[in-house]
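**Q** Okay, here's what each chain looks like letter by letter:
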Amino acid sequence: MTNGAPYPTGPHGLPDDPEISDETALWRRVFPGWWITDENQGRVRPTSKAFQNYPDKPCLSILIGEMVTARGDEPSTALEGFDGYALAAITAGLARTHNQGVVHDPNDEDAAHGLVYGHKTDSIRSRLAKGSVWVIPPP
Amino acid sequence: MTLGSISSGLDDPTMRHTYAVKNAYVWGYPHQGRRSYPSTLTGYRLFTVPGYDFEFKMEPMIDLQPSWLDSVISSAARLLALEPNWDSYGAPPIDPDRLFYGLNLLTSLLPSGTPAPAVVPTNSGGVQFEWHTQGIDLELEVIAVGKVNLFYENELTGETSERELAFDLSDLSPAISHLGPQAL
Numbered sequence: 002m003t004n005g006a007p008y009p010t011g012p013h014g015l016p017d018d019p020e021i022s023d024e025t026a027l028w029r030r031v032f033p034g035w036w037i038t039d040e041n042q043g044r045v046r047p048t049s050k051a052f053q054n055y056p057d058k059p060c061l062s063i064l065i066g067e068m069v070t071a072r073g074d075e076p077s078t079a080l081e082g083f084d085g086y087a088l089a090a091i092t093a094g095l096a097r098t099h100n101q102g103v104v105h106d107p108n109d110e111d112a113a114h115g116l117v118y119g120h121k122t123d124s125i126r127s128r129l130a131k132g133s134v135w136v137i138p139p140p
Numbered sequence: 035m036t037l038g039s040i041s042s043g044l045d046d047p048t049m050r051h052t053y054a055v056k057n058a059y060v061w062g063y064p065h066q067g068r069r070s071y072p073s074t075l076t077g078y079r080l081f082t083v084p085g086y087d088f089e090f091k092m093e094p095m096i097d098l099q100p101s102w103l104d105s106v107i108s109s110a111a112r113l114l115a116l117e118p119n120w121d122s123y124g125a126p127p128i129d130p131d132r133l134f135y136g137l138n139l140l141t142s143l144l145p146s147g148t149p150a151p152a153v154v155p156t157n158s159g160g161v162q163f164e165w166h167t168q169g170i171d172l173e174l175e176v177i178a179v180g181k182v183n184l185f186y187e188n189e190l191t192g193e194t195s196e197r198e199l200a201f202d203l204s205d206l207s208p209a210i211s212h213l214g215p216q217a218l
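Those protein sequence lines, which keep their order, are chains A and B. Per this note's numbering, residue 2 is the first one in the first sequence, and the count goes up by one each step. Per this note's numbering, residue 35 is the first one in the second sequence, and the count goes up by one each step.
Hints in this document: simulated from the structure, not taken from any laboratory. Note that CB positions come from ideal geometry on N, CA and C, so glycine has one too. Keep in mind that a hint or two might mislead.
[Stated by the list, open to error] Only pairs whose alpha carbons sit at most 30 Å apart, straight line, appear in this in silico DSS-like list of lysine-lysine:
#: 1; chain 1: A; residue 1: Lys-58; chain 2: A; residue 2: Lys-131
#: 2; chain 1: A; residue 1: Lys-58; chain 2: B; residue 2: Lys-181
#: 3; chain 1: A; residue 1: Lys-131; chain 2: B; residue 2: Lys-181
[Stated by the list, open to error] Label-pair ranges, simulated between beta-carbon atoms:
#: 4; chain 1: A; residue 1: Glu-67; chain 2: B; residue 2: Gly-124; range: 41 to 49 Å
#: 5; chain 1: B; residue 1: Pro-208; chain 2: A; residue 2: Glu-40; range: 14 to 22 Å
#: 6; chain 1: A; residue 1: Thr-122; chain 2: B; residue 2: Gly-124; range: 16 to 24 Å
#: 7; chain 1: A; residue 1: Pro-59; chain 2: B; residue 2: Thr-191; range: 29 to 37 Å
#: 8; chain 1: A; residue 1: Asp-109; chain 2: B; residue 2: Glu-196; range: 32 to 40 Å
#: 9; chain 1: A; residue 1: Ala-112; chain 2: B; residue 2: Ser-101; range: 45 to 53 Å
#: 10; chain 1: A; residue 1: Pro-139; chain 2: B; residue 2: Gly-169; range: 21 to 29 Å
[To be verified] Selected chain A positions facing chain B (in silico; Cβ < 7 Å):
#: 11; residue: Ile-37
#: 12; residue: Lys-50
#: 13; residue: Asp-74
All chains, full assembly: derive it from the sequences and hints.
**A** Here it is in structure tokens:
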């Protein structure tokens, strides 16, 4: 949502934009200390801490993948200036399944910036991390 | 071996963090370019990460050192070197008090044969220890000194637990026991 207009409210009472489809990939930068070996899943994946809200806000930052690619940029542009980081993705549908709202929130840094709103319990963070896929895996 | 047997380096007045726990002592202090500390004393370990601001010493009060010790201390040292915005989303540096509390918690609670946890920084400046093995997901987040958040999920039994623990950490033991030495 742009130009200072209020975010639409979704079914959970949280900001949520229905124009962002459930299939939309939401990209999240992953710090090099934020991937772990999950022997239960048999893979290296982001820790649940990679999907924690800001300490002082009820949301976390993402990039809306299709907006990045639609302007002709590669996913790697999301990691420019962040050597050694990886890029993970969850779908908007996965977030909504866990009572989260998804909105477009363009900022000075990136017009494709968005937010995933909602309280994230340990269980929800774990579900988001386990349901994530790598767009750019750890180096 | 007692605290008094450690030589001059640990009398450094700049030392900021000292905690005594059941099995070990852990120290951390500003580096300040000094590297004159002994590293070969029996039962005495020196962990140094070149270029980082902190060094660690752990002196177990028993001869057997836990199998996970080296891995955990090495990971922990790296966390203390993190600068503001390390996560690219504005996270503050890691709070040494919470980190050292967590390390001492591990030395107090984990049997030697327990698999080493992943040591993960949190965006509030805390630390989380994680295991994902044997069908178990166990996450212990130090949210403050004396306050730990427990997340436990057992895929095999369907058991789940998610709660905050303060000072009475006895609830951690059953969860940790499922990781036991047999998981190695």
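**Q** So which of the earlier hints does this model not fit?
**A** 4 and 13
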